[in-house]
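**Student:** Residues per chain, in single letters:
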Amino acid sequence: MPCCGPRSSLCCLIISVWGIIMLSILGGLLYIDSIAFIEDLGIEDTETNPNATYENIKDHFEYAAYNCWIACGLYLVTFFISLQQFYSNKRAISS
Amino acid sequence: MGTLFRSEQMTLCQLFLQSEAAYTCVSELGELGLAMFRDLNPDVNAFQRKFVNEVRRCDEMERKLRFLEKEIKRDKIPMLDVGDNPEAPQPREMIDLEATFEKLENELKEVNTNAEALKKTYLELTELKHILKKTQTFFDEMQESGMGDDSTHLLGDEGLRAGGQAPMKLGFVAGVILRERLNSFERMLWRVCRGNVFLRQAEIETPLEDPTTGDNVYKSVFIIFFQGEQLKTRVKKICEGFQATLYPCPETPADRREMIGGVVSRIEDLNTVLSQTTEHRHRVLVAAAKNIKNWFVKVRKIKAIYHTLNMFNLDVTQKCLIAECWCALEDLDRIHNALRRGTERSGSSVPSILNRMETKETPPTFNRTNKFTRGFQNIINAYGVGTYREVNPAPYTIITFPFLFAVMFGDAGHGLLMTLFALWMVLKEKGIIAQKSKNEIFNTFFNGRYIILLMGLFSIYTGLIYNDIFSKSINIFGSGWRVNKIGPYEKDITLDPVHNYTGPYPFGVDPVWQISENKIVFLNSYKMKLSVILGVGQMLFGVILSLWNHRYFKNYLNIFCEFIPQIIFLLCLFGYMDILIIAKWIKYSGADSGCAPSILTAVINLCMFSFTKIENCPDFYVGQEYVQKALMIIVIVCIPWMLCLKPYILVRQEGKKKFLIRATQENNSNQKDEHSGDQVNDVAVTIDGGHSMGGGHGEHGEEFDPMNTCIHQAIETIEYCLGSISHTASYLRLWALSLAHAELSEVLWSMVMKIGLQKRGVWFTGGIIMYFIFAFWAVLTVGILLIMEGLSAFLHALRLHWVEFQSKFYKGAGYIFQPFSFEIILDEASAEES
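If you read the protein sequences in the order shown, they are chains E and R.
Here the first sequence is numbered in the numbering used here, starting from -2 and rising by one per residue.
Here the second sequence is numbered in the numbering used here, starting from 63 and rising by one per residue.
With the rest of the complex left out, here is chain E (with noise of 0.2 Å):
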């Protein structure tokens, strides 16, 4: 049944498509910390020795890379959705 029409459903499955692709890769690039997104952590100062400060680092980047997988597993999810939206929406047009 379709419960959105066409146009919003096409549009749900262009941007899980892109986010299925982004997210999986930028999970990637955090979980081999990547250190373009070092600026983006919102990693804080607090710590003065340099070990324990490379862990806070390490951690950070592993939280981040989590958060791009779960991101990219609901992604999935919206994206068979909306995929079942499209086709019905195609059929009740077609029909």
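Check the hints yourself; a few may be wrong.
Said to hold, decoys possible - Computed footprint of chain R on chain E; a stretch qualifies when at least three of its residues, placed anywhere within it, have a C-beta under 8 Å from a C-beta of chain R:
1. 7 to 16
2. 23 to 36
3. 58 to 64
4. 67 to 79
Think of the hints as simulated: they come from the structure by calculation, not from any bench.
Built from N, CA and C at the ideal position, the CB exists for glycine as well.
Got chain E sorted already, so can you dock chain R onto it with the hints?
**Tutor:** For chain R alone, kept in the frame of chain E given last:
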């Protein structure tokens, strides 16, 4: 030279068509679409032309078809559009078509009038039925309260006695009125009759169909009781005024019952008749819907052919039609073939003749395009259709336009999205064309799909050079900068190019700049210089293209008096600046960067004839001061060269020509004196003289005016000299827009995407926040960065081509070749419909 570089070589042709073969020949040419007919009788108004009758008949047929189409659309019958392209029918078939349309139209009109009359009766009957049913309840109420009984009076016997009147007889009228009018109707009744009438109303729940408009309307039944004739006339007048329909309503219950029975049976009869009528109408329309597109094409083709025939001249003998048309030299064979086919089809034995004509008129500009080059040619034509056989900027635009766009739109991520969108349009091309989308914005994008594709691909390239992918850099080859110090954690480290720099990054900008604080300062200097180099390069290319124009038009004076000083001017000022920029990049390293000269100061000094030396530093190169002064002197010399030389030479040439003409005239008069007796020879000589003079003027076009030439040259010189300075500055928009784009995408990332990457309390909240943040970021990326920024970069790239590039060589003073082609005519007609 290929046709893409210049417009096609055109020729004016004269056609002699036998009257009986003219129709088929023009029809063949219309299918071919390669000839542009000239109107040979522009002074004759539309009503006095030869085939005005046929055109009128076609108009009439078209009107009938449109009527049919409207009816088909009203019944929501799908029209079959198989996209077939029937040939233009023979003139004799026109009569058949006319008869068919006439029959269809009459049939339909008859059916419509019948249906309308039937519907009107139906409406009246249903209203009557409702009245009878509803009023029944009023009368029943009356019965219960005893009011309907004539024998009992309101006041009983007392009243009779007191008033001494005869028993009152209440009259009534019943009718139907539009529901929204009811309120005002009631108020009006009350006021006019001073409250002496009694109105009861009941709503008809089911909507009734208005027979004329076909709309559903809601109505109410009313019944008005009153006393006396005077009130009756008043009430009737008011009813008339409110367009209420009154129906006769019998007074006794038995009559009413009988009437209702009659009405119901008549309604049933009417229903069967009505359904048969609509079925018949439907059948007619379905049959018409199958052919209607085909008919439209046929009628439009016939009409177009007669329109074209109207432009032809009649031969004195009335046996053949004479036409003139422009066509490309290359297409002559195909046109010959089409004419032969047309003559064969018409069965005429005399072949049609095609003659090439010599003319002094400028031919139309015709650039042959395919689906890839069309978009680019349209960009050029939007500025101005090229002068005949002028250098066409389109082939260069195919590369420079997407490239300059990409310089401003440099982000590999955004470029990738754009490429994917364009790729989808390119790959699904046929399906999208078949769909015939009515969305104007989408159609604009679709027509420019190949431009967008190239813009996307170039943006990916420049994005990789700028090392920007959604404002993030990637480090593939390993940054050239090293942090040698390993010690306690510090927030900021300053890297010294002498000690920490190992070598340039192999491709594009070093990724280390993304996390540096002076990224913008570094990129500004780089992008500014880059845009000046690109700009000067493009302008130089434009000036060089003007050489091809001068050579083609054999305008050698312009080469020496315009092209050479122009190119020297540009090279000495801005070419020198470009060399300085590149030399500075090569010569100075981190160690002696203190001695690097400022380019801007160097150029200002160049113009001011001054020279500033940096303390304790060697010169940029030996003899810089003298070279710069020499360059400036050359630049200054170029200005009077451009300004004065050409008008001077032209004035001298004109003087010589006048002298020669005077000399020949004197010669002629001398001859006249010698042969004063010979009358015939005398006349011949004067005619000859007149001819040679006329010919000489014809080549020049108009009278030579030295003042005009001087002013024209002065304007051109000033425009070029000031232009090349302001245009160079104008290319800085490449830097400005690229900076704006990079900053905007960085801000979007750090303001939006950053929220999703933060650490939160519970492990899954971050993921859910990321889910929504990403959608938000994606929408903003498409809306702001791709569409808005893309449009602005497109606009600026357009301006750089139209103004900065094309002003160097492109006149754009031609007129476009519009061939007589059925394809174009049918497309226009279908575009008008929607």
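**Student:** Taking the numbered hints from earlier one at a time, note which ones the structure violates and give those numbers from smallest to largest.
**Tutor:** Hints that this structure does not satisfy do not exist here, as all of them hold.
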